Amino acid sequence: MTVNYRVRPAQLSDAEQLCQILEALGWFPHLDGSSLSRDGITRQVAGCLADPSHCLLVAQQGPGHLLGYVSLHRNPSLFLTSPEIYLAELFVHPEARGSGVGTSLLEEAERWAQREGCSRMMLINNRLRQSYLNGFYAKRGWREREDMANFVLPLHRPAGSD
1 MTVNYRVRPA
11 QLSDAEQLCQ
21 ILEALGWFPH
31 LDGSSLSRDG
41 ITRQVAGCLA
51 DPSHCLLVAQ
61 QGPGHLLGYV
71 SLHRNPSLFL
81 TSPEIYLAEL
91 FVHPEARGSG
101 VGTSLLEEAE
111 RWAQREGCSR
121 MMLINNRLRQ
131 SYLNGFYAKR
141 GWREREDMAN
151 FVLPLHRPAG
161 SD
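In the numbering used here, the protein residues as written are 1 to 162.
I should point out that these hints are in silico values taken from the structure, not numbers from a laboratory.
Treat each hint with caution, since some may be false.
EDC-like cross-link-like pairs, simulated, lysine to aspartate or glutamate; straight-line CA separation at most 20 Å [unchecked claim]:
no., residue 1, residue 2
1, LYS139, GLU107
2, LYS139, GLU108
3, LYS139, GLU89
4, LYS139, GLU110
Simulated DEER-style distance windows between Cβ atoms [claimed, not checked]:
no., residue 1, residue 2, range
5, MET148, GLY117, 20 to 28 Å
6, LEU153, ARG127, 16 to 24 Å
7, GLN20, PHE79, 36 to 44 Å
8, SER82, SER37, 17 to 25 Å
9, ARG6, PHE79, 35 to 43 Å
Remember, it's a predicted structure, so these values are computed and weren't measured experimentally.
In this text, a Cβ means the ideal position worked out from N, Cα and C, and glycines have one as well.
Kindly produce the complete structure, drawing on both the sequences and the hints.
Next up, the structure:
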């Protein structure tokens, strides 16, 4: 499938379509199309755009039609010789999968990391997602660190969950 698009820095006006991409994936039940979820994504986009250690890139087809996005965060590290980039999110609308959008976003993310003088990039990939099952990152030179564990500490616990 050939799709014409360009990768560019995100703008606050992209928030609505970014929400639509996330909703189309169906992985995030709290993103239900309500104004509350859309307002939350708009706040997150605004925060990323205001912070120079963040980079949010979108793949745009035609005037204002987004196909996917990648969100990156530059993390300084005392034990590395230069910062590390955390690839927080790379999502492509289901209808645009297989068209090279994900690869283009990843390549532009790598260019940004190099311009930022970073030593490496890292990400967490759900082993049940197609990107992991199809070896999307491995095929592009990423190595899985099998000796690392992924931990999460929820900071907002529902009442009575102790």
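Evaluation of the provided hints:
For the given pair, LYS139 sits about 13 Å from GLU107 by alpha-carbon distance, which is consistent with the 20 Å threshold. Of the supplied pair hints, the one linking LYS139 and GLU108 holds, its CA atoms being roughly 16 Å apart against a limit of 20 Å. The straight-line distance between the Cα atoms of LYS139 and GLU89 is roughly 18 Å, inside the 20 Å bound, and the hint therefore holds. A distance of roughly 15 Å separates the Cα atoms of LYS139 and GLU110; the hinted pair therefore holds under the 20 Å criterion.
At about 24 Å, the beta-carbon gap between MET148 and GLY117 stays in the expected band of 20 to 28 Å. For LEU153 paired with ARG127, a C-beta distance near 21 Å keeps the hint of 16 to 24 Å intact. For the pair GLN20 and PHE79, the supplied restraint of 36 to 44 Å holds, since their beta-carbon distance comes to about 40 Å. Evaluation of the 17 to 25 Å hint for SER82 and SER37 yields a failure: the beta carbon distance comes to about 36 Å.
Checked against the given bound of 35 to 43 Å, the beta carbons of ARG6 and PHE79, roughly 37 Å apart, stay inside it.
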